[in-house]
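Assemble chain B onto chain A, guided by the hints.
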Amino acid sequence: MTADSDTAVAAAPRPRLLPFAWDRVALPGFILLMGLVFGSLNPNFFSWTNLTNVARQSSVLALLSIGQTFAIVSGGIDLSVGSLLAVVSVLGSMQLVAFGLVPGVVGGILAATLAGAVSGLLIARTRIPPFIVTLGMLSLARGTAFTVTGGMPVVGLPTEIQWIGAGSLGPLPVPGVIAAVAFVGAHWLLRRTSFGRYVYAMGGNEAAAIAAGINVRWHKFFVYCLSGFCAGVAGIVITSRTLSGQPTVGETLELYAIAAVVIGGTRLGGGDGSLIRTLFGVIVIAVLGNGLNLINVSSYIQLIVIGAIIIVAVGFDLWRRERRA
Amino acid sequence: MRRILVALGVLAVGATLAWAASHESYPRPGKPSKSYTIGVLVPQLTNPHFLGQAYGYMDEAERLGAKVILHDAGGYQYLDKQIAQIEDLIASKVDAICLVAVSGPGTVPVVDRAAAAGIPVVNVNVMTNNEKVAIRIRSDDTVIGETMARFLHERLKKGSVVMQSGPAGASAFELRAKSFRAWIEKNTPGIKILGERHSLNTPDQGLKNMEDFLQTFPQIDAVYNSADFVAIGAAQALKAAGKAGKVMIVTADFQPDTERMVREGVVTQAVVQQPVTMGRWAIRAAVNILEKREVPKLLYTPILSVTKDDVATVDLSTVRAPAGWKPK
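If you're matching them up, the sequences are chains A and B in order. Numbering-wise (our numbering), the first sequence opens with residue 1 and increments by one. Numbering-wise (our numbering), the second sequence opens with residue 326 and increments by one.
Worth flagging that the hints you see were computed from the coordinates, not collected in a lab. Wrong hints could be hidden among the right ones.
To be verified - Quick list of in silico lysine to any residue cross-link-like pairs, SDA-like style, CA-CA up to 20 Å:
{"#": "1", "chain 1": "B", "residue 1": "K418", "chain 2": "A", "residue 2": "L51"}
{"#": "2", "chain 1": "B", "residue 1": "K651", "chain 2": "A", "residue 2": "I304"}
{"#": "3", "chain 1": "B", "residue 1": "K653", "chain 2": "A", "residue 2": "A55"}
{"#": "4", "chain 1": "B", "residue 1": "K418", "chain 2": "A", "residue 2": "I304"}
{"#": "5", "chain 1": "B", "residue 1": "K653", "chain 2": "A", "residue 2": "L51"}
Okay, chain B solo, but in the shape it has when bound:
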């Protein structure tokens, strides 16, 4: 009980820290009289982001008296497996499905089948291209990019920035980079964007990109990163060049390595999504749909901005599963 109260207190502080122009809350509905069975599909549980989300689904379902059937595709490459998992959920006549799609276009036919079977689909985090979903719940990637831009506007005011925009053609990363650039160009004439690079979201790619940037441009004041792994690579390159802490790093997402580097002052700002919140809201939306209540077509979960100053106090209960938690 005390832990919950502390968590709530920290949550209030955390919420004021966030600049997010997203939906502030999506309240828990009353406990339904019936126990619903909800199928949940995530791409990869080895990613802490989805482990946190799994916790959100499970814990929220328990509070609403619902049962969760959790399926892990085991990686974004296993589209055929996720399709089979959805078909099996349809055959077991679950009441609703929460889907984090491993592929936008690839999940279109199977979501059609769920719709044909009368099973509502709550689309979470990674979007399917099928328009027949009942509701979409995700972070607003435009806000993520703008939050980083605002931060540099306030902290840096004047200087040169390079951009690591992550995988080309991946919509979430593209949106972040685009909105970052647009906000800077519109509001901060003092900040110049020197160059932009697309690459896979891996540390070695980030390292290589940053090394090349350092060779190309003699004066770099900040590095924008669409995703966490390229940011970690950039940090390594800056450390090797003796510039860690002198060049600002802003990045999206918050894995344990990112957290350590924020504490060390190497990563200046991390804009953090709330996967636990995504899971909770998805279950709430599913229950609302099943109880024949109106739901919006789209919900944006809030984001947090974390810096060295608040990394010790920021509430991560909406970001990560409790330490040692495992899905049953």
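With the rest of the complex left out, here is chain A:
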């Protein structure tokens, strides 16, 4: 049960040791604390340049994590999103070079959506678990990216594409705006549409969802299409930031996307979770990486810190649930 589902909050008795909703303030509080620490150690942390940097750098992870949230809430997982970035980067770049801006962007996003559709079809129509299907897709997609390029980067992209990764809308960085719009849209989709309710339902209890007459196959298929689409948009952002097609890009990013979702407090089993939580999870990872870079902490230590935070965050979440139960 979660504090995000209104009925659960109403039904759960207020535990004495937790006078208010800790889970709603724990992560924002932690982010604030990190900000204060990094800001006092390096005053440039709060500079506008740096804050927009954080937005730019985290936009790719944010987009992947949005798709991942749907996959996880539906009771599945999508391991392929990091490799899909490479597919978009490579195929999108080739189309950008050959046909120009709009066909390149649309083609790149379509390629990833199509790959997501293939995963979705297999997950919906067969008994192969999502973990295995998307693990296969991870390797398949990476291999495709290497095969079509022979391992070399794609170059000669039209420079207008740079606007997506480096441009600004007023004071706001474009990739940050894209991620923000995606968050709002996805939140609406998960919370305000019947599709969103079905995603929760099939993640919580698939048999019950089927018994209730929900077309689980169709909605599962759509979940992975959506995850592929998000990876497609993320791939366009990264292509723009690198102004080239890179078959090696995005390696292990799928794990960070999963980490962002679980740090936010979404349960891996499905049926529970929200995009607001994922947003906080993304901010934690992004601010941590950026802040530790700014105070010159080695990237090896960063890996250790992120690992510890994943375990502590999930541990805290479980402890809180038990208290409440």
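Chain B in isolation, oriented as in the chain A frame:
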């Protein structure tokens, strides 16, 4: 102090050993009055080559009163990470950036951002395609290829050679192979190049290539290698065929396995880059730029040629970090 003197003495010997037509030296400037902060980006510290380079940056910076912020991308596949690291260096307002690019085209936009922020970029070892860098410092791959060609010209004079040219399309390896072939074809009519193969720079690829060469050509006198790992694979194939030491192996770069095989006489010649020197010169160039002194657009660091005869005496202080050294 004694160690430094010994090192200097050996350095003088080492310098005379090198055939390199590169810049002999790029002297250390006077210590600036201000303490500069210099961001350094390397692709992969687990590679001894970049560990040696990291030592060069750190030690030189200490001597010039500068502070180094060292970032490791963790591998050539982590372009997105290197871009974020550069952006974070720009945000922390470092005075200069030394960049070993994980991707030539992929680093173009972010180097633009550094330039826009007025931060000079010293491009070291692996080149970015962005022309806005203040200076480029690297080995001359043409010289590396020619040095191997000269060696075979003198030692072999007549015979058959096969080539392992490393990854196709990687410019450093291609340049070495091209200049090797050109020099041989121009200057040594007695030496025939039988075949050339491109592959990933891994021992298993080198092994497979060499096995195939041995099946195809009954008489091979020497193997050219653009890179160290394919050379190690070639050595394994020759050992298995009972031809180790009988077929000459020439290669670029000098990792510990290469050194052992040079001592054993399996690898005949290693042409060695000087990553420590690259790091030192990069910091010197950065300080010169910041002190408003003129710098050249391009500097070639010298290379060393190492054979069994001089492997015991050659000075590796410009190649490797001191044993046990770790970046802080």
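Evaluated hints:
no. : hint               : in the structure
1   : B:K418 with A:L51  : 14 Å, holds
2   : B:K651 with A:I304 : 18 Å, holds
3   : B:K653 with A:A55  : 29 Å, violated
4   : B:K418 with A:I304 : 27 Å, violated
5   : B:K653 with A:L51  : 27 Å, violated
Going down the numbered hints, you'll see the structure goes against 3, 4 and 5, while the others check out.
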